[in-house]
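Novice: Protein chains in written order, with the working numbering: chain A, 556 to 803; chain B, 183 to 1055.
Check each hint, because a few of them may be wrong.
[Stated by the list, open to error] Here's a subset of chain B near chain A, in silico, CB distances under 10 Å, partners left out:
| hint | residue |
| --- | --- |
| 1 | Phe-191 |
| 2 | Ser-451 |
| 3 | Ser-455 |
| 4 | Ile-458 |
| 5 | Ser-560 |
| 6 | Phe-610 |
| 7 | Phe-611 |
| 8 | Val-618 |
| 9 | Arg-657 |
| 10 | Asp-667 |
| 11 | Trp-678 |
| 12 | Tyr-680 |
| 13 | Leu-990 |
[As the list claims (entries may be wrong)] Mimicking DSS-like on lysine-lysine, the simulated pairs with C-alpha atoms at most 27 Å apart in a straight line are:
| hint | chain 1 | residue 1 | chain 2 | residue 2 |
| --- | --- | --- | --- | --- |
| 14 | B | Lys-742 | A | Lys-679 |
| 15 | B | Lys-782 | B | Lys-200 |
| 16 | A | Lys-718 | B | Lys-590 |
Honestly, the hints are just simulated from the structure, not real lab data. Using N, Cα and C, we set each Cβ at its ideal position, and we do this for glycine too.
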Amino acid sequence: MAEADGNRTRLTEVLGHNGFEDRARHQTRNASVGHPNANLRELVAQGMHGDAPSGYGVAMREKTFIGSWPILRQISGSDRLGRGKAAMSSRSEHLQPRTAEADKVVDSVCPFCAVGCAQKVYVKDGLVTQIEGDAASPISRGRLCPKGSASKQLVTSPTRVTKVRYRRSFGSEWEDLELDTAMDMIADRVIKTRKEFWQWEDEEGRRTRRTMGIASLGGATLDNEENYLMKKLYTAMGAIQIENQARI
Amino acid sequence: MAECHPVGFQWVMEAKRKGATIFHVDPRFTRTSAVSDIHVPIRAGTDIAFLGGLVNYVLSHELDFREYVVAYTNAATIIGEAFEDTEDLDGLFSGWDPESGQYDPETWQYAGAPKAPAAGQRDPAQPAGDRAGAEDASTGHDHEKTSHGAARSEAAGSGGPSVPHRGERDETLQHPRCVFQILKRHFARYTPEMVHEICGISREQFGQVADALTKNSNRERTSAFCYAVGWTHHSVGVQNIRTASILQLLLGNIGRPGGGIMALRGHASIQGSTDIPTLFNILPGYIPMPHAAQHDSLDDFVAADAGKVGFWGNMRSYTISLLKAYWGDAATVENDFCFDYLPRITGDHSTYSTVLGQIEGRVKGYFLVGENPAVGSSNGKMQRLGLANLDWLVVRDMAMIESATFWKDGAEIATGELATDEIGTEVFFLPAASHVEKAGSFTQTQRMLQWRTKAVEPPGDARSDLQFYYELGQRIRTKLAGSTDEMDRPLLDLTWDYPTEGPLGEPDGHAVLREINGTGPDGEPLSAYTELKDDGSTSCGCWIYCGVYADGVNQAARRKPHWEQNEVALEWGWVWPANRRILYNRASADPDGKPWSERKKYVWWEASADEGRGRWTGDDVPDFIADRPPDHVPADDATGPDAIGGRDPFVMQTDGKGWLFASAGLADGPLPTHYEPPESPVHNALYRQQNNPPRKSIDHRANPLNPSYSTVFPYVFTTYRLTEHHTAGAMSRTLSYLSELQPEMFCEISPRLARQRGLTNGGWATIVTSRTAIEARVLVTERLRSLRIGDQYVEQVGLPYHWGGTGLTTGDSANDLVNLTLDPNVFIQDKVGTCDIQPGRRPRGPELVSYVDAYRVRARDDDGREPENRSDA
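Only chain B is shown next, with the shape it has when bound in the complex (with noise of 0.2 Å):
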């Protein structure tokens, strides 16, 4: 954290100055650990089996916050009958379907709950013949088959996926299939020891942390847990945060002040672009992408959601409102709302299924927006075999990057693998106007929308991407204007109009940001998503964002200082939801809506409040209905935010609860599991079962993997950042302050594999895997520990990720080693692989290729110490 977000950083010291212990869980030594209480390296990849073994530590000594979870959890919910686990079937859960190599969820649900889902709420079958890499595939899975090829569990990015009902439950805790029963013997084999051989933490150190934790998780305290997002760079990237959310809730640690899981993110507005999202399988405000198979109308798209109970109930409310905002008065109730003009998903179309698209001559136009794949993505060598298969390629950005200029200073033109004078894409390079040159708010990772105001004029031909984006519609537009072409309503009817302003015509965000906001009959600004409704009236972009406009005032602009207000700071920005800062925090207070104790007070049902009727208040927005009384039992029919008890604090969960265990939602189980990296140097401790099993792979000769086990690929590798620089470089290394800071892409080993590898301090090192070979100047530190791993060393290569082939410092690229093998429920590719490391310099030209050939060769015919080993699912 110190390393990546080091202002945020200085919070943690804050609280490391009031007392507050500080431990560091990460394979490398970094700024972080050299402040912190303990640094606690672990092997790469592992992260479920040291999160388990907190889990296990917690429920075998009765540790947890018990009265937090009996009342807002669902550990006393009782699951079906059929359920099984991966203690009893090896590594697999039930419903395990070989054949498609997916999980049918049906035997996860609630016990009593219906047999047949209601219409809509079973996810869709996919077209097999959609599905990526349908020519190349070896396998045999068909990843497509259910909802989970369309990333459908993300859909629920603000809540839950719906459960049928509220179940049965016992608060006792002592039924033998209620959740926390389940948990207990789930996590039982993840022992101090376990974590020992798993992780190569010692029992010492694995004491001291769950020691801590749990001794400061309780009514009087509460415990984070910060993460950037190389928690999410994993097969089982979902479950690693799964992992720490349970954790989190055994101890009482969500929805007050001081607990939660924190998501460091790495972009300014990564958080922004998800919300309001440039993501192929949601619109604004998580409303999910019609799917083909599922929503032929409006009604069938919003009816999983009508029933539901909580705020997502009013999601035939959300999407009209959206679908107003897009199209205007041509959004009618006689069609529907103009629902039919937005297009459907039919499976994964998420980046990396879209590179093998372009590969495969299926995507022939690309826009590169402030990105830059040739480096930033893993496979390096996919991405750019994709762009120079392109008809014409948009690049936006302030710095000449390497996925704009692949098709003459490539690695592949070097190769000989791609020749310039073969490459037929046309390469447009726009230049983007930068953060000062253009007004408009970032959403930064704790869901505040903070607003900039334009200090200058872009230069040049540079200009922001609002003005490129309208102007482009403008003009296509203007082009198709007379069209009679049924394709062409949505682009001819679409609201386009927006006012300008300035030397250069430029789009006034404002307006742009009030529209987003939302609009009610009288065309004002509406203040919360709760005035939306579902007959046309009001307008709104993105719901979850309603407010942000409130009284027509953009409440993003605020900047009270700090010292004039309390530490919630409640006027500085906006925070989506309703400007609340704190999810959840109905959980702040007990059951009976009274502070857990003085210390953490923070929200609280105050029954003296109204006339004696009651209310919600405290120092943050409730999240909560205000005047709702935490003795409120909702009635049986009821639905929607009617149905949301007294005693509910997730009120975006269908059950209100938060979720031990998730009946829905996941392609790869209802309670994390550690599974070993798709390439790694040991056998899985705990199951036969080496991988996550529905893991999503990319089959294409240039993503081989690496067999595990392998002796001729013995070491972990793993890739992060460096304060100094910022991700695929266009923003760094084209800096001469920063490219003076961290002047070289370099590797970080330890002494003993210096020794093991004859590797010199400040000498090259070339690293190699299935894919290719990268070089880079070898730093050996003890920063990276040698592991003991079972009765094995495991040693571990560090490598930064920023660098490639232009601007003031250039290097190799550490994404061109990561193989594409991604998580199933949202595509994250796994940054963990295995490699070889020689010293000295890469070969040059076609050397390169027969030398990585060689080792794949070699690789094929010494795979391992035990074969049997490695066929699994």
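Isolated chain A, as found in the complex (with noise of 0.2 Å):
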């Protein structure tokens, strides 16, 4: 097994940087036909485990015109699908995967579904440039599916929002808000709200010690410190209406 994994890690270096587009778009073949490509899967997997590690040591015999035609290579050589050495040009050949020039390499989880993939980000001057499934996983054996692929994407799209937004009452437009006003008025408003729906005892008399006011929505996409603290902060507020996805 260490093996198998050992060679996937090289295939992803013989496919370089573009082998995360390739399998996305595999992923897009095999969506449109509504169900996996079986005989896909299987060339595949040949490549990891067989073929292409092998390809990888194909000397340069042919400098010829001719003899430097991927199909002849590919039919001489031992990389019969095409899929390593056979497919590269001199350019690509020198290519070097991003992967290799990171600063750091961190263990980290996918953050999607809850099967728990492991992963590796990748870091180079302070930005995550790849992120790869960790194939020491006993779960995952360093697959990821498409979301977890398009994880990195999760964290440099420029889709993400990094500036705070408000909306005033009654407003119209989003406005611009300094975080640390944010916060503050966020507080005042906790403060405020909880002690207008404060409630000692229900209408039967019966102790409650709680606010009625305030409710929150979320955490399982959080982590368990995260949810710790909500729950502590909340319970210690009196806020009683908290809950998550788990529900729904």
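Got two chains here, each in a separate frame; can you build the complex from them with the hints?
Specialist: See the structure below:
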């Protein structure tokens, strides 16, 4: 198994940075027919465990123009599937995967579903340059699905909103607001609403010690430590309408 | 599973490679079906009928794993004489109160149980005035009368609710009132013919599943059920899972390797947010939230559990250790460890009741934290009406979502039902850090905590939720400092001081995890929950997580490669409780402690260990008291863990047995029964009782139901996910790669339905319910079959629910169609409904409202063929 996983890593190197997009395209094709293409799957599997790594060692015997044609190299070499060396040009041969240039690689976990696939996050100059599956995981063995494979884009996407947005009551547009100001305003509103809807007892005179004015929804995409602080603070606040996706 | 949990599905394929037979039971043909041995199409909402058919097959052919069933389940337990079954009462169990619309579980008890349960064991009555929708109530159901109104059945999340005693047993299983015989009678009519009639599954296909499943469940072999949480999205959701549990217990597939019922949950830490709950009815570790009717003091609170058999017997230690984690030195013996600081619940405070509270002006402040209810929750209109009636809303997310922008581009703005300049809600959108911009742990679906290391700093104003809540708490405490108001004491006495780090002053996640793990009198991390004390000398933020920081080491961060350990992989991450990978694994050995077979060897009793005293051992952490021999018989007066017998593998249950029959803890009966979804085109073939009797309805004008059997809404619809998108879309419709892979909202229909309604592949369709109408591109496909149900065809419309109005790919939300009728145990909605479907796009603007109104009028005037059967309980 260790060997196979090693092969997989090398395949990624062979595919270079295009490996990511290639995988995404396979998924598109699968999606359009509605179910996986078993043959394609087998080809990929064979490529992973068999031919691709040996193709890595093909020597450039023929330096002639004709001999450099990919199809000839594919037929004459050991890379019969054309997924390794045979598909390379002299330019792509010298390309480095961006994972090779990372300053650091840290352990992470996919943020989408609850399978919990392990990830390796590649960082260069303080920016995430790639996220790969971690082959060492007994859960995922290095695999990521289309969502997990796109998680680097989740981090780097231009669709991320990185500034506080504020909409005043009855307002028609978003406005800018300093984070510090926003935090202060939120704290004020919590204190006010908490008090306004405070309830020592219910209508039957039973002690409740709570506020019914404040509710919260969310937690299933957050960390355990975050959920812990949320529940602790809300409970101390007396807020009980605290819910998350587990109810939905 | 291949569709929603593709990487987990690799293990199903591994099993197939080793000879396993894979069945896929689903209304639609998916990427899972494509590689399974057999796809079994089923009518949405009929799972209990299908699974009940399998239970009947096992029982009527005597194919149960008898030795396991007798020793490890409550099959032999005798139920009281007063119990009456749905077979006796035409779809109702004994104890039904038509006035309150609820069951009294008194008659479901084990024979010989004390008539009046000890104080605190009975569920408290609820104040009628607190129930959701009181003002709009038209059914007269007072759903809050019992504790089920407060989701108390869920409070036993990591074990079972209390049963008063072990009960009388007949291990020959012949006694007419023993659970085994009751079960046989209850499921006798779930024949292959009935399965065919209800589910639309052919007798041949049913036979294939039944044969393969039973042949593969014995000493040598085990079978597993995997479900995604669509199984819970029904008004009988809890009983769906219960039916699978009954089947798996009968087949001896629980607590053994390769067996089990695997919940494949949908969010990275949805298990963690249930264990350390952001949920209204529980505290960390499934300790219930105190209830106003029942819990005036700590003694009251733990009384119900104090005498229990099993590990819930130590509830006092878990609770006091939690109170110490929350309030530290302020929590003392003298002040009941600050028990009074805990707010009390009085009924259902779940999310859908809260939304109703927002609409009615009773809830004015709202935090949305990585959640997009305007798209992801059912009945989107009610969600948006609630959002529009707040004083303030805080949205924390990575991208702009529909729940933050409803005031300018929600569906109701377009129809004129809401106007931007009339919405007073103040909205704060605060950017959130991504999973690589903060350190912390997720708990995945099999209870495994895995630590993530921080890779980079979050951009701009983005912050972790850890930092947001820490700072919010600090600011509130600063503003309230010096307050002498008693209501502020819990905030001011809170332990709220964590070390910070980095340029943004982020709280240290390790310190929080350490507090969750718990510490002893010396301040050092504890290594197991068995070390927790009830004298205030230990502190623990979540007792089931105790051990994750054992020896001061973050055990969740362990990443020993799988090729350097065996397949159980105990040194990868940390699994609660006690790093145990398979729960109740004592059941993997026979009553004498020997493996059932060499092939399925997992945990066993090693009699020669420890100088002949003996010890449980194996590939996993044994789920049993390590030195308790299989022949141990506890003393009559033993309580807590001391009362667990050597042959009682289900150590969280008060009788140590797996429950085929649940005499406590469920709002809708001790056994699962097939009822039709709240909206259905067909009659319940089993009973006159059409729907789950105590189901919870949200009564509001924005939540009208389609009449059952309506010719105006003749088709079934159900919602589901796609591989390339994630729930409400904030993490996928905002990404170009994923948006390109699944670029548009669509509906899947059969060729027969397409012909019937003149729908063309690639064209537009409008799907209509009493709530609203949405539009979608049409995909005509045999992936959805026309099902023959009795004398009629049932057509199903399949709808992915990922779309909304913002993001790179936009579309109408399927959840706008879904009504709010909830499971009475856990208040989760039923995603199955009825609809009409017509070619073309839906009307725009106010015309959409009149279009739907016209449907409702037609449905009211022509609401079915046999009106006398509609007014069920």
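Novice: Hints first: check each against the structure and report whether it holds.
Specialist: Taking the hints in turn, this is what the structure says about them:
no., hint, result
1, Phe-191, "holds, 9 Å"
2, Ser-451, "holds, 6 Å"
3, Ser-455, "holds, 4 Å"
4, Ile-458, "holds, 5 Å"
5, Ser-560, "holds, 8 Å"
6, Phe-610, "holds, 5 Å"
7, Phe-611, "holds, 4 Å"
8, Val-618, "holds, 5 Å"
9, Arg-657, "holds, 4 Å"
10, Asp-667, "holds, 9 Å"
11, Trp-678, "holds, 8 Å"
12, Tyr-680, "holds, 8 Å"
13, Leu-990, "holds, 7 Å"
14, Lys-742/B with Lys-679/A, "holds, 25 Å"
15, Lys-782/B with Lys-200/B, "holds, 15 Å"
16, Lys-718/A with Lys-590/B, "holds, 19 Å"
This entry satisfies every hint, going by the numbered hints stated previously.
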